[in-house]
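Given the sequences, and given the hints that come with them, work out the whole structure.
Now for the letters of each chain:
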Amino acid sequence: MKNIKLLWNHMDGNRLIYLGAIVSVGLAALFTMLGPLVIRVTIDSIIGGQPVTAPFPILKFIEGYDFQQFRSALWVPGLMLISITILRGLFMFLRGKLSAQASESIAKNLRDRLYDHLQHLPYSYHKKADTGDLIQRCTSDVDTIRRFLGAQLVEVGNAVFMITLATYIMVSLDLRMTLISLTVVPFIFAFAVVFFWKVKKAFQETDEAEAEMTTVLQENLTGVRVVRAFANQAYEIDKFEEKNSTYRKQVYHLVWLLACYWGASDFLALGQIAAVVAFGTYFTAQGTLSIGTLVVYTSYIGMLLWPVRQMGRILTDMGKALVAVERIQQILDEPAEILEENHLKPEIKGQITFENVYFGYEPENPVLRGISFSVKPGQTVAILGQTGSGKSSLIHLLARLYDYQAGSIKIDGIELKSIDKKWIRKHIGVVPQEPFLFAKTIRDNITLARSDASDEEVFQAAKEAAIHDVILKFEKGYDTLVGERGVSVSGGQRQRIAIARALITQSPILIFDDSLSAVDTETELAIRDALRSRTRQATTFIISHRITTLMHADLILVLQDGQIVQSGTHAELSTQSGLYKRIWELQSAQVLQAIE
Amino acid sequence: MKVKQMHDLFEEPQQEKIDLKLWREILKFAKPFKRELLTLIAFVIGVALIDAIFPYMSKIAIDRFVVPQTTSGLGWFAAAFAVIVTAQALNVYAFIMTAGKVESGISYEIRKAGFARLQELSLSFYDKKAVGWLMARMTSDINRLGEIISWGCVDLFWGAASMVTYLAVMFSLNWQLALVSMTVVPVLVVISLAFQKRILREHRLVRRINSRITGAYNEGISGATTTKIMSREEENLKEFAELTGSMRASAIRAAVYSSLFMPIVLVLGSIGTSLALWYGGSGVMREAISYGVLVAFISYTIQFFEPVREMARVLAELQAAHASAERVISLVLTEPEIKDSPEVVAKYGNSLNPDRSLWPPIKGDITFENVSFAYNPEEPVLTNFNLEVKAGETIALVGETGAGKSTVVNLACRFYEPTEGRILIDGIDYRTMPLLWLHSNLGYVLQSPHLFSGTIIENIRYGRPNASDEEVIEAAKLVNAHQFIMKLEKGYQTEVGEGGGLLSTGEKQLISFARAVLADPRIFVLDEATSSIDTETELLIQEAIRTVLQGRTSFVIAHRLSTIRSADRILVIRDGAIQEQGTHEELMDARGYYYRLYTNQFVEENQEKLLGA
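Chains A and B, in that order, are what the protein sequence lines are. Okay, so the first sequence: first residue is 22 according to the numbering used here, each after it adds one. Okay, so the second sequence: first residue is 908 according to the numbering used here, each after it adds one.
Simulated from the structure, these hints should not be mistaken for laboratory data. Everything numeric in this text was worked out from a predicted model, so none of it was measured. No residue lacks a Cβ here, since even glycine has one placed at the ideal position from N, Cα and C. One or more of the hints may lead you astray.
Within a straight-line C-alpha distance of at most 27 Å, the following computed DSS-like cross-link-like pairs (lysine-lysine) qualify [as the list claims (entries may be wrong)]: (1) Lys1104/B with Lys270/A; (2) Lys118/A with Lys1104/B; (3) Lys370/A with Lys341/A; (4) Lys1384/B with Lys1394/B; (5) Lys1246/B with Lys260/A; (6) Lys497/A with Lys484/A; (7) Lys1384/B with Lys461/A; (8) Lys341/A with Lys23/A; (9) Lys148/A with Lys1145/B; (10) Lys438/A with Lys370/A; (11) Lys148/A with Lys1397/B; (12) Lys938/B with Lys260/A; (13) Lys1246/B with Lys366/A.
Footprint (simulated), chain B over chain A, 3 or more residues, beta carbon under 8 Å [to be verified]: (14) 58-64; (15) 140-147; (16) 197-209; (17) 460-471.
A short, non-exhaustive set of chain B residues, derived as facing chain A with CB atoms under 8 Å [stated by the list, open to error]: (18) Ala985; (19) Leu997; (20) Leu1107; (21) His1357.
Next comes the structure, spelled out in structure tokens:
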């Protein structure tokens, strides 16, 4: 019930159009039912000369009419038939168009809403999110709802209208024949529903078999070098063969079920038709049924059986739509991050003070414990620490991807929590370790945060990130597409594009989260030189394992288990015993030996 | 799931021509199913024939019983009807089964052939084709092919048989009435073809936009953090809404075409029926035509449009399937650039299961003789490259990205072959030996380790599928992987997830070393990973590397000073040539390019010290 209400809400703004579609369904069904009646009148009353009986009270007035006059003008009923079909066609067209309009608009709104909601969900959500599952919800679940509204519900409406109208007309024509015509219908209906309910599992198993097969295929393709290096092609072929034949068997099994269904259901349906023809003939031969009425019954039974048989499949499918609504709602119910909280938007110069800051992803399990330090605008802070020591958390706090639980972080003397999230993010340039590039051109990727940047600015940033020359070597230069359909970009190039992207924002605070790791030593040197001339303007945070990257910093912090265990300059730390010295020796001892 | 979306990205614009040669190739795959296909056609024609009997039964009923007002023999009539109904139900069951058998069978065969071909294709092929592209060929394209061959066959034969039978019955009942009521058919055929084509095209467009939407979601989710940091939420939504807007427009257009098509067909049909009613009705009144014939004609004119519509649909789909067929067949027919020559196959047997007993064991001497190589002809990577490596020697390759380090390794591994010159293994030109001879003596550890879904033990065992559990554990111990594995709840039975996603990079690396050690290759290649691993794990890995390199001919694309220094010989590669080579000490003494590379960090450090920064 809750889900139906949710669906109703999603339909907001399109309900009238949808109503129009449903009305069209009814009218189309009505005109569909009228066709055989015209044939009946033609056969019985015009050709046969019997008096007319009207199936609808509204049509009673035709009963006294003399249809014999059309004997020499059979084109009149013919034209009548065509006009009725044109009207039927018109409403069928409206039904298709309106239901598509409504369902596609509803789907579009849902897609947009989901997309926007997803990008406003907090970092903590995305960190845990299963991308594949989310995408599936945003695409197939939305599609399920679209199909439900655009086709299935309309189809069910059609069947209901048809059966109601047909029953009404049939009863008014001949009760015996009506009973005979409709006996099998409930059975076919029940059979269809039960069958498709039962085979749901088979469909699912087939999907799973296919998924397993594609996984083997995909891993084989992505790991092609490993396969070749171990000369395991024959082994791989066997592995694939197993999945491939399982899938084949599953498909075959499914087809068998469907064959049984359609065979049995055809038997029932055709048997129903045979019964109508046989009994109808009997009554007609006895003179208790007119030929025209017999034609009406045979036509109607033909029209009714198909929608009824389809119904089984549609009804079992419809259950999915309500599940889909719920799965989508789960995403929409996740609390979004409020970006513009009417908070302060101070000028940011880059003076940063941490005072006894505590933070944990689960508060009872802090990853940062009592962090205190202070940086002046334009200074560089380097952070060294083992994986999991809290380095990245510290960066996350600065960009307000998370909020600290205790202590205070002040930017230019203002408490960070009281500064607008969007505002602070606009003033921080972050280069993550594994930067994400969008499937756009390189230029678009660099100007992501500053779409108004001029070519000179783009080139300047790219030069500082030591990527300008590389980009120019691509066939399309800055207009080269990145990603699967464009060029593949190496890890190092990716990092450098991300650096350019951060530099172009001219942010007063820059953060490099181990973002030179995939760049070779010479290039790193060039980038560091370029950065050094810049750091005069921006407060810079550098996280790295390479001492040579860290050593120029004004302040080096060594993090261990969420605490600052050492701090100072390279000169100080390289003589103090501790993690910094240990690592520095690890990395430089051999160099020294070699040189001396 | 991810996979599925990926193919959609590689749905390609389709072309319109039908190429007979291509279909001949496809029919080769259908050949094993010749009998099934023939039975299928027989069943389908049976269905069409019986379909045509139903209106005829009405005619008999009216002319035989209704008009003469008699019920004698009605029992037989009903019995005959029951037999026909049963026969039709069985027919339907049988043709669905047969079509299913053909569909699943042909897809299976093509997929099998495709996969086997993918195992043979050279890495140069993989460099050019994205995985998503290949996946789309192997899944959706093959499915579509299987479908069109089986169900397309059903629809085509059913349609043709129905039309022929209806026409035959109608003309034999009353040819004038048949001519009159069939006048609309040519119009119907033309309209159907035009509409089906347009509907199909529009649907394809919708599918393409849909895959772009999927891509956009993927990007939006994977890039969520970037979006936040860059404060790009509004621009992103704007771009996305444009995409969904065009999706809506296109989907509605497709729906409008479809919902316009049906009414037009119906109206045309009603014209046919009206003509039958008008002309036939007058005939009845003149008593030239029986009631039964008139009723049968009305049914036939209504039923006749169904096969026409189906045929139009299948013909339109055939064009779409043609594009799939082309892509699938071109994949299956792609010749591997590197493969065993006929002479080699004659001597050592089939390339996947060669006779290993004929192979000489590999010692590990590798010689490059005047080797030239280019990935594409305009850009030579190596020219006249010479190198001699003795068995057991460790060679470190250093140089800038793109200098040619990976190329040297790729050639040595015979992932590529020289365009000029030759490469000798133990003095034998490797082109005269089966690929597997070298490859089964090769160990390879990549910068980004690739694991297969399954357990840890399965992944290590990948190095030598017949290794015992003890041997696997032994290998893990050798490379320091044992400790961390034992710390996991399920130990060696831990699932690593798709692509090893449940393990950290360092852990994956250690497992890939264990895998390589288990294979016990004579020649070993290490594309050394750069940082992103914490120092402690880094030490474990350094140790593992030392163990692995012991006593093997090895190439190391080195980034770490310690690895470089411990190599027997260092090759400094620059612009596709060996700029300098020698031991670390020799190269340092030479004060060349290597010296500069190597001392960069050192000098930096010293300067800072001297300047007291």
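Hints versus structure:
Distance check on the hinted pair: Lys1104/B and Lys270/A sit about 34 Å apart at the alpha-carbon level, beyond 27 Å; violated. The straight-line distance between the Cα atoms of Lys118/A and Lys1104/B is roughly 19 Å, inside the 27 Å bound, and the hint therefore holds. Restraint check for Lys370/A and Lys341/A: not satisfied, since their Cα atoms lie roughly 54 Å apart, outside the 27 Å limit. With a C-alpha separation of about 13 Å, the suggested pairing of Lys1384/B with Lys1394/B holds against the 27 Å cut-off.
For the given pair, Lys1246/B sits about 22 Å from Lys260/A by alpha-carbon distance, which is consistent with the 27 Å threshold. Of the pairs offered as hints, the one joining Lys497/A and Lys484/A holds, with about 17 Å between alpha carbons and a cut-off of 27 Å not exceeded. With a C-alpha separation of about 46 Å, the suggested pairing of Lys1384/B with Lys461/A is violated against the 27 Å cut-off. At most 27 Å may separate the alpha-carbon atoms for a hinted pair to count; Lys341/A and Lys23/A meet this at roughly 15 Å.
For the suggested pair Lys148/A and Lys1145/B, the alpha carbons sit about 25 Å apart, so the restraint of at most 27 Å is met. A distance of roughly 17 Å separates the Cα atoms of Lys438/A and Lys370/A; the hinted pair therefore holds under the 27 Å criterion. Note on Lys148/A and Lys1397/B: the hinted pairing holds, with a Cα-Cα distance of about 25 Å set against a maximum of 27 Å. Distance check on the hinted pair: Lys938/B and Lys260/A sit about 25 Å apart at the alpha-carbon level, within 27 Å; holds.
Between Lys1246/B and Lys366/A the CA atoms are separated by roughly 66 Å; this puts the pair beyond 27 Å, and the hint is violated. Three residues within the 8 Å Cβ limit are the bar, and the region 58-64 of chain A against chain B gives 3, so the coverage statement holds. Restraint check on the region 140-147 of chain A versus chain B: 5 residues with Cβ-Cβ distances below 8 Å, three needed, restraint holds. Look at the region 197-209 of chain A against chain B: 0 of its residues bring a Cβ nearer than 8 Å to a Cβ of that chain, fewer than three, so the hint is violated.
As drawn, the region 460-471 of chain A meets chain B at 3 residues by the rule of a beta-carbon pair under 8 Å; at three or more, the given contact holds. Restraint check, Ala985/B versus chain A: the minimum CB separation of about 4 Å is within 8 Å; hint holds. A cut of 8 Å between beta carbons decides the hint on Leu997/B: the least distance to chain A is about 7 Å, and the hint holds. Given hint, Leu1107/B at the interface with chain A, is violated; its Cβ is 17 Å from that chain's nearest Cβ, farther than 8 Å.
For His1357/B, the suggested interface contact is upheld, since its CB lies about 4 Å from the closest CB of chain A, less than 8 Å.
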